[in-house]
Every structure is written in C-alpha cells, then in structure tokens.
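There are 2 protein chains.
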Amino acid sequence: MNIHIDVIVIEDNELFRDSLKEAINKSSDINCKYTFSSGEAALDFIAKEELVPDIILLDIGLPGMNGIELIPELRKLSPTSKIIIITVHDDDENVFNAICAGASGYLLKDLSSEKILASIIEVMNGGAPMNSHIAKKVLNMFRDQNVKSNGYSLSEREKEILSLLVEGLSKKQIAEKIFLSHHTVDSHLRNIYAKLEVHSRSSAISKAIKEKLL
Amino acid sequence: MNIHIDVIVIEDNELFRDSLKEAINKSSDINCKYTFSSGEAALDFIAKEELVPDIILLDIGLPGMNGIELIPELRKLSPTSKIIIITVHDDDENVFNAICAGASGYLLKDLSSEKILASIIEVMNGGAPMNSHIAKKVLNMFRDQNVKSNGYSLSEREKEILSLLVEGLSKKQIAEKIFLSHHTVDSHLRNIYAKLEVHSRSSAISKAIKEKLL
DNA sequence: TGTAAAATCACGCATTTGCGTGATTGAATA
DNA sequence: TATTCAATCACGCAAATGCGTGATTTTACA
Chain A
54 MNIHIDVIVI
64 EDNELFRDSL
74 KEAINKSSDI
84 NCKYTFSSGE
94 AALDFIAKEE
104 LVPDIILLDI
114 GLPGMNGIEL
124 IPELRKLSPT
134 SKIIIITVHD
144 DDENVFNAIC
154 AGASGYLLKD
164 LSSEKILASI
174 IEVMNGGAPM
184 NSHIAKKVLN
194 MFRDQNVKSN
204 GYSLSEREKE
214 ILSLLVEGLS
224 KKQIAEKIFL
234 SHHTVDSHLR
244 NIYAKLEVHS
254 RSSAISKAIK
264 EKLL
Chain B
54 MNIHIDVIVI
64 EDNELFRDSL
74 KEAINKSSDI
84 NCKYTFSSGE
94 AALDFIAKEE
104 LVPDIILLDI
114 GLPGMNGIEL
124 IPELRKLSPT
134 SKIIIITVHD
144 DDENVFNAIC
154 AGASGYLLKD
164 LSSEKILASI
174 IEVMNGGAPM
184 NSHIAKKVLN
194 MFRDQNVKSN
204 GYSLSEREKE
214 ILSLLVEGLS
224 KKQIAEKIFL
234 SHHTVDSHLR
244 NIYAKLEVHS
254 RSSAISKAIK
264 EKLL
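Order-wise, the sequence lines are chains A and B. 54 is the number of the first residue of the first sequence in this note's numbering; add one for each residue after it. 54 is the number of the first residue of the second sequence in this note's numbering; add one for each residue after it.
Since no wrong hints were added, every one of them can be taken at face value.
Derived SDA-like pairs (lysine to any residue); straight-line CA-CA distance at most 20 Å:
(1) A:K263 with B:L217
(2) A:K260 with B:S256
(3) A:K263 with B:E220
(4) A:K201 with B:C153
(5) B:K263 with A:E220
(6) B:K79 with B:K162
(7) A:K135 with B:S185
(8) B:K129 with A:G204
(9) B:K265 with A:P125
(10) A:K265 with A:L207
(11) A:K135 with B:D197
(12) B:K265 with A:F149
(13) B:K260 with A:S223
(14) A:K201 with B:M194
(15) A:K263 with B:S253
(16) A:K263 with B:I262
(17) A:K129 with B:V200
(18) A:K168 with B:L170
(19) A:K224 with B:S223
(20) A:K101 with A:T88
(21) A:K212 with A:S234
(22) A:K101 with A:Y87
(23) B:K265 with A:E220
(24) A:K168 with A:S185
(25) A:K224 with B:G221
(26) B:K265 with A:M194
(27) B:K263 with A:S256
(28) B:K260 with A:L267
(29) B:K224 with A:S223
(30) A:K265 with B:S255
(31) A:K248 with B:G221
Hints were generated in silico from the structure; no laboratory data involved. Quick caveat: nothing in here was measured; it's all calculated off a predicted structure.
Kindly generate the complete structure, drawing on both the sequences and the hints.
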C-alpha cells in the first residue's frame, strides 16, 4: 500500500524548521513540502492555495499571532487537518488552551526526529501523542476538575433538596415534589445554607455546581 | 548511582502476571518481589507487611473488587505509591474513573515489556505515560468539559450582570456595584432570562455555570 | 440617514425568600 | 440510658424577586 501523509511546519526558528522538514522528508510515507515562519504567512498560503495538509506541526512562540491563537484559524480553513504542537512551553495555561482549541498532540522540542515521525503516524491513526510530563499535567488538570467535594457533610435529604434547588424549583415546588410541607423545605434550606456558609439561594447553587457537591 | 524501584503487580491472569514479573526483574534497577491475583489479597498483604511499593501495576478486570475501586484503597494504605493501569479496558468510563481516582499512567496490555519498563521510569520521573489512543480520549473529554457555549448571544453588559448573579449578589447589590438603577438591573435580568429561556434566577445561574456561558 | 438593538430608567403587585424563633419525633451513638 | 442529630412542621415579617407595561437615550450598521 501507498500511504502518503502531507505535513506542513509553522515554526519561526529557521534551523529547527529546516531540520524538521528534512527529517520528515527522509521518510517515504510522510512528506513536507511547505514550511512557514509565521502564522499569518501560513494562513495566507493555505487560504490562497486551498491547501489541506494532513498534519500541521505548530510552534507556540511565534512572531505576531501565537500558535494557540492560530489553532482556531487553521481549523476554520482546514478542519480535517490534525494539529500537533511542538514547543518549549509546557506551562498549564498553554497546554490547557492548546487542548481546548483542539490540538491532537503536544510534544516538546527535545524530541528526536524518529519520535516526531512516530507521533505523526500515531495522530494519523487516531491517537494523541503527548510528552509524558504534559500528559501528567493534563491528568492533574482533568482530575482537579472532577473531584467531588464532600467536606460539607450534607445529609442525603439535604443533597436531594439542593439538587432540586439547582434544577430551579421554588420552595413550594420542591415541597410538592417530595411531599413535604414548605416549612420543612425552608428548614432544610437554612441548614444547607449554614453548612455551605452562604446566605442566598444563588450562592448555594453556585457553590453546589462549582464544587460538585451532588 | 544505585536506583532501586520496587514494583508490585495486581493481575488475575497468571500468565500475564508472571510474564510482567519476569520482565521487570530482568532490569537491574527495577524489582518486583510481590504479585497478587486479587485486590483483596494485595490490600491484606500491604496492610499487614506495611509494604510501600514505588509503583503498582494494576489491572482493571479483577475478580471481586475491580481495579478502579481498588485505587482509593491502595492510596489510603500507601499514598506515595504511583499506580499504573495496565488493562484491555479502554472505554471512556474506565479511563475517566481511573484518572479521577488518581492513576499516574494508563497502558494497554498489548505493550512490549521494554515499553512497560520505560513507562515505569517515566512515572518515577514525574511523567504520566499513556497509550496514545487513551490520551486522545482524555484530550477529548477534557476539551468537551471546557467548551464555552456562546449560543445565547448575550451582550457584554448581560454577561457582566450574569456573572454577578453567579457570585450571589442581589439586584440592589449589582446596581450599586456597577452604578446603575436597580430598575435597569431588573431590566437586564429579564432580557437574560428570556435569552436563556428560564424563568428564575436559580435556573439562570445553573445554566450559566453548567454551560460555561461566562 | 434611518432603523434596530442595546442600555438605561420607572411603577405596581403578587409571590418568593431569608431569617428569627420556636416544637416534635425517631434513629443513631456513646 | 442519655444525648445528639436529622427530619419534620409552624408563624410572621422585611426584603427580594418576577413580571406586566411602559419610556428615553446611545450605539451600531445597512
């Protein structure tokens, strides 16, 4: 079979850009015809030539528009292209933004050319190659977003009522729904407010959702 | 220097368990003294012997308590141990639960013994080795959790007021904070409710947070 | 230049909410 | 056995809320 993968490189450092291109073109299956030293140049060319690369190797630290900002623009012009970030920036914010913008891989610049080629293949096969420290960051961010707090020791009844609050029901509606007097619901609400240390329905709802209390 | 990494294996398949142990013990730096065929056996032994392994290789499909349920228990007994999942289960739910429970790596069983050893080293160095398809799943789940909806075409002013709502302020407080008449705030609120298609403050707040409107 | 949308302000009213201040019952726990 | 705590119910009141029904002024844009 004759696989053919088209790659473009967007990287402002001339040396690294050329060495990436060279490394890629050593492979028979993977081909790099175009490289760009800025996001603007790449966007112009892609728009004009209606270029649809399989893979875009993208640096973050670019002159003018940075790599992260570039991702949505690239995806507009060529939605099927997979984007692999290759950068020195491994801080949470950049990683977070790149992933949310839709990058398919996140590699650091210390990588050998063999591993970069392997990563391109992985992405083409539906994978998401990542530097293992980046992966750790992603895992930690992911976990932190999904920890269920439990520190307020709400009773089951209170959790039940809190979740109805979050659904937008009034005291009266809650009372009807779970067959209680509205006085009882009121009483539960006060206890909930006390435990959550809030003084309004709004704050309780915010806290419940943001801190994943249910 | 003389690194020494203690590994235990929890895996019910005898063949795979033994082959893992053997592969690990071929390395001079990494050592596997104990293996277990069930979570319960591992927990008992760890508790009794006060074992503190550096790495726990953990299967998901175990008899009795499954690997995911095991993670919190293992972390209680030996909080410093890093857990690497090695399994055939690559569905979203298992991946999600494993990560949230605090796994440091997620590998599939088709991996060569060299790569497993390399993964152990990576975890010891603070990384999180992951099968690239698993990584893709994590990336997708992560991205999906962080997409900002924008489909309600709220104006800037409305977003501002909505965010103050979420903070728990009353109309009067909002009015004072942004130097408006409370009538004006009321008016904005009604427009927000209309755009979000809700009829209460509670529902608006829930929708704003859950759908990441701010 | 005209028009539509956004932002501002206003009154009245029925309903809802938060809170102070109680009480009773039953289950769990020390 | 005593005591604590969750769950239930009750009254009253000041404040806040949602909504109907207006109006005027900016701002954007076609």
